[in-house]
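Chains A and B, in that order, give the protein sequences.
Using our numbering, the first residue of the first sequence is number 32, and each one after it goes up by one.
Using our numbering, the first residue of the second sequence is number 32, and each one after it goes up by one.
Keep in mind the hints are simulated off the structure, nothing from the lab.
Being a predicted model, the structure only gives us computed values, none of them experimental.
Any given hint might turn out to be false.
Partial list, derived from the structure: chain B residues whose beta carbon lies under 8 Å from chain A [to be verified]:
hint, residue
1, Gly118
2, Glu121
3, Leu122
4, Ser163
5, Ser168
6, His172
7, Leu368
8, Cys374
9, Thr380
10, Arg422
Mimicking DSS-like on lysine-lysine, the simulated pairs with C-alpha atoms at most 30 Å apart in a straight line are [stated by the list, open to error]:
hint, chain 1, residue 1, chain 2, residue 2
11, A, Lys435, B, Lys131
12, B, Lys160, A, Lys342
13, A, Lys435, B, Lys160
The beta carbon of each residue, even a glycine, is placed where N, CA and C say it ideally should be.
There are 2 protein chains.
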Amino acid sequence: MQLLLTNIRQLVTVRSSGKPFKAGKAMRDLGVIENASVLVEDGFIRWIGTAGDFSNTLNADADTLDCSTYVALPGFVDSHTHALFAGSRELEFAWRSEGKTYQEIAAQGGGILNSVQATRAATKKELKKLASRRLDSMMMHGTTTVEIKSGYGLSEDAEIKMVEAISELANEHFMTIRSTFLGAHAMPPEFRTQRSEYITLLCERMMPHIAKRKLAQFCDVFCEEGYFTLDESRRILEEARKHGLGLKLHSDEFTSLGGTQLAAELGAISVDHLEHVSDEAIRALAGTKTIAVVLPGVSFFLRNPYAPARKLIDAGIPVSIASDFNPGSCMSSSMPLMMTIACTQMSMTPEEAITASTLNGAAAIGLSDQYGSIEVGKRADIVLFDVPNYRYLLYHFGTNHAAKIIKHGTILEFS
Amino acid sequence: MQLLLTNIRQLVTVRSSGKPFKAGKAMRDLGVIENASVLVEDGFIRWIGTAGDFSNTLNADADTLDCSTYVALPGFVDSHTHALFAGSRELEFAWRSEGKTYQEIAAQGGGILNSVQATRAATKKELKKLASRRLDSMMMHGTTTVEIKSGYGLSEDAEIKMVEAISELANEHFMTIRSTFLGAHAMPPEFRTQRSEYITLLCERMMPHIAKRKLAQFCDVFCEEGYFTLDESRRILEEARKHGLGLKLHSDEFTSLGGTQLAAELGAISVDHLEHVSDEAIRALAGTKTIAVVLPGVSFFLRNPYAPARKLIDAGIPVSIASDFNPGSCMSSSMPLMMTIACTQMSMTPEEAITASTLNGAAAIGLSDQYGSIEVGKRADIVLFDVPNYRYLLYHFGTNHAAKIIKHGTILEFS
């Protein structure tokens with residue numbers, strides 16, 4: 032099975048020559064090839080070059096797709112989402128526009144616990160059906176790999192239902208999916224006065240079960256005032272490490288509790304949010320391999336400060352952009368729009384935004400050996416955009432420019 | 032020719048019962064009917080009610096469309112765009128992300144004059160072809176009426192080429208189009224030291240020609256430091272009034288020169304931008320019939336302050352939202368995204384944002400007797416969105432929810 036993409040107007044390879052991610056100035060190097068060709072074989076990239084260099088001996092009878100009107104990018108890797116949930120929270124959106132505070136919204140039944148209620152009530156089948164449609168839409172906008180977190184269950188049954196659903200979707204959907212156990216997303220109401228007991232349940236019952244059945248690759252904690260303390264976060268993540276799970280952390284979203292330093296110390300694969308990250312935390316992060324995942328859509332949606340992406344990149348920290356697609360704080364999964372927000376509000380350059388949404392996204396979920404760039408030997412996840420150049424994709428915002436989605440070498444059709 | 036829309040999940044009529052626009056608290060009244068039906072005849076709305084009320088005597092053999100999964104809104108009226116232009120300015124977008132200032136970008140060949148150069152060089156046919164594709168895309172996102180300005184010509188020939196192109200598109204494209212003469216968009220380089228002579232050319236040659244041939248319905252001026260002074264703006268608008276053109280003004284975008292007070296004094300149909308509008312100007316505007324057109328996408332794109340929409344509405348001023356779609360300061364024409372920005376960044380409620388994008392948009396271009404609401408006797412411009420309720424349309428952002436576009440009673444098909 033060969034597929035030849037020819038005359039690609041601009042091929043944005045994001046090539047890293049074997050490095051797992053890009054940091055600092057390297058984030059601006061997209062490895063762009065004008066008028067390029069790519070040969071795909073059995074779902075992998077076999078050859079890349081300029082159209083003129085292509086030798087017919089490489090392919091006997093490949094299907095050929097003329098790409099002279101397209102710009103090709105690696106499929107986006109959205110490394111932080113909560114795409115599995117029931118219910119929706121447009122009323123909270125309206126309340127916020129009227130100036131209602133977080134506390135007032137919570138008092139009216141809003142917040143994470145709203146989605147917990149709906150998700151607990153839904154069957155696994157219903158959750159999968161809802162998520163599957165969302166994954167279709169994400170793919171249509173150019174995302175080919177995604178991380179999905181649990182965390183709207185907050186009980187043993189409901190959390191396991193969620194990671195089972197995510198794992199089943201990973202087998203059944205075209206999307207490449209990584210599963211993260213986020214039992215520590217919020218304190219369930221039943222345990223409000225017995226915090227330690229919930230954490231024990233989480234560490235001693237849920238986690239061993241999930242790890243044993245390989246229902247998640249990562250464990251994440253919402254380290255934040257009103258959610259989980261720094262000590263509680265440490266306890267959970269240290270336990271997760273024993274079970275062989277990769278570590279992630281929601282850190283510094285509203286306040287700076289020291290979570291970022293903890294993530295650095297424990298060698299977390301990523302530390303996410305960082306809207307209120309301190310200079311001290313940035314220093315702790317610099318030089319580690321932990322990816323800083325920034326979430327432009329959340330700050331936009333909640334009208335909160337943006338993570339200091341410029342400072343992070345200038346400190347040499349590899350930055351990834353993710354959507355944080357979720358019903359409460361960012362009801363969008365459009366990676367191109369996240370990149371536009373990053374450029375207009377966070378002073379990231381288009382090149383940095385693209386690296387952050389592809390290679391560095393893959394690194395944030397441990398998949399950059401296979402995904403996140405268009406290089407020989409990697410999986411053929413390529414998106415063809417109907418734009419004149421890669422900058423235009425971020426510049427002309429609010430519309431979907433994705434023309435063709437190639438996943439593992441197959442051109443997808445959406446009905 | 033009859034078309035019956037039945038079982039509409041939510042019909043958002045934005046009914047105004049004959050009033051040309053809504054102001055203050057009335058902007059929150061969307062006239063929503065659940066489980067509604069609408070009968071369309073010969074391009075006009077003939078009957079509206081709940082599905083249960085519909086009597087078969089009304090229609091003998093109407094085509095029937097089941098809308099039980101749709102929310103229906105009036106087609107959006109985008110009352111401020113510069114959708115006719117050649118070239119694109121993604122490089123300026125990239126430069127801004129790198130922190131380059133407006134002055135630096137202008138020195139590198141950016142700014143309005145960049146688009147002037149490209150637009151002057153293009154033929155009328157080329158300009159129309161480019162704009163026509165953009166109009167298709169706008170319609171696919173739910174806009175059915177649009178205003179387009181000239182202003183990238185800045186010479187007699189090129190300005191007339193632009194308004195001719197806009198007028199021809201108005202005849203040839205499905206979109207309802209209003210044309211605005213904006214010869215006073217910037218001082219052309221040839222006249223930098225002879226400002227008064229350009230204004231004379233504009234008033235004594237271009238304007239009479241354009242008015243006589245009815246190539247524009249409105250005249251607009253960019254009243255701003257470095258563009259046109261308050262006195263120059265007055266001279267141009269007073270002349271335009273003599274020619275029977277409606278008056279519009281770009282006012283208070285970067286500085287507060289008194290343009291808003293001028294617009295109020297001259298009875299302009301709209302005053303647009305208002306990012307830096309003063310309290311004094313708001314007082315001058317209150318009680319007039321001038322529509323305040325705010326442009327959320329510009330502030331987002333340029334990372335500038337937002338117009339104080341909340342203050343304007345609370346002062347009883349009718350507010351409209353427009354995209355300002357243009358290659359320099361807002362490369363997006365998605366009205367749903369503009370509404371999301373208005374709700375998240377400007378404290379407008381979803382209801383106000385919808386009124387501002389429909390009825391009040393129509394009022395800003397003098398068309399609210401025919402467009403902007405779903406009421407008996409008005410044109411049947413109706414958009415069916417695949418969402419559970421109208422709030423969801425603004426809440427789930429960054430993707431296109433428009434499922435069917437009905438223009439003058441016809442369901443459009445896009446190839």
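We went through each hint and held it up to the structure:
With a cut of 8 Å, the hint placing Gly118(B) at the interface with chain A is violated, because the nearest CB-to-CB distance is about 11 Å. A cut of 8 Å between beta carbons decides the hint on Glu121(B): the least distance to chain A is about 4 Å, and the hint holds. Using the Cβ-Cβ criterion of 8 Å, the hint placing Leu122(B) at the interface with chain A is satisfied: the shortest such distance is roughly 7 Å. With a least beta-carbon distance of about 16 Å to chain A, the hint placing Ser163(B) at the interface is violated under the 8 Å criterion.
A hinted interface residue such as Ser168(B) counts as satisfied when its beta carbon comes closer than 8 Å to some beta carbon of chain A; here the least separation is about 6 Å, so the hint holds. Here the hint on His172(B) is kept, as its CB sits about 7 Å from the closest CB of chain A, short of 8 Å. Because the beta carbon of Leu368(B) sits about 4 Å from the nearest beta carbon in chain A, less than 8 Å, this interface hint is met. Of the supplied interface hints, the one on Cys374(B) holds, with its beta-carbon coming within about 4 Å of a beta-carbon of chain A, less than 8 Å.
For Thr380(B), the suggested interface contact is upheld, since its CB lies about 5 Å from the closest CB of chain A, less than 8 Å. With 8 Å as the threshold, the beta carbon of Arg422(B) comes within range of chain A, its nearest partner Cβ sitting at about 4 Å, so the hint holds. For the hint pairing Lys435(A) with Lys131(B), the CA-to-CA distance comes to about 34 Å; that exceeds 30 Å, so the pair is violated. Straight-line distance between C-alpha atoms of Lys160(B) and Lys342(A) comes to about 43 Å, which puts the hinted pair past the 30 Å bound.
Proposed proximity of Lys435(A) and Lys160(B) is supported: the alpha carbons are some 24 Å apart, at most 30 Å.
Comparing the model with each numbered hint stated earlier shows that hints 1, 4, 11, 12 do not hold.
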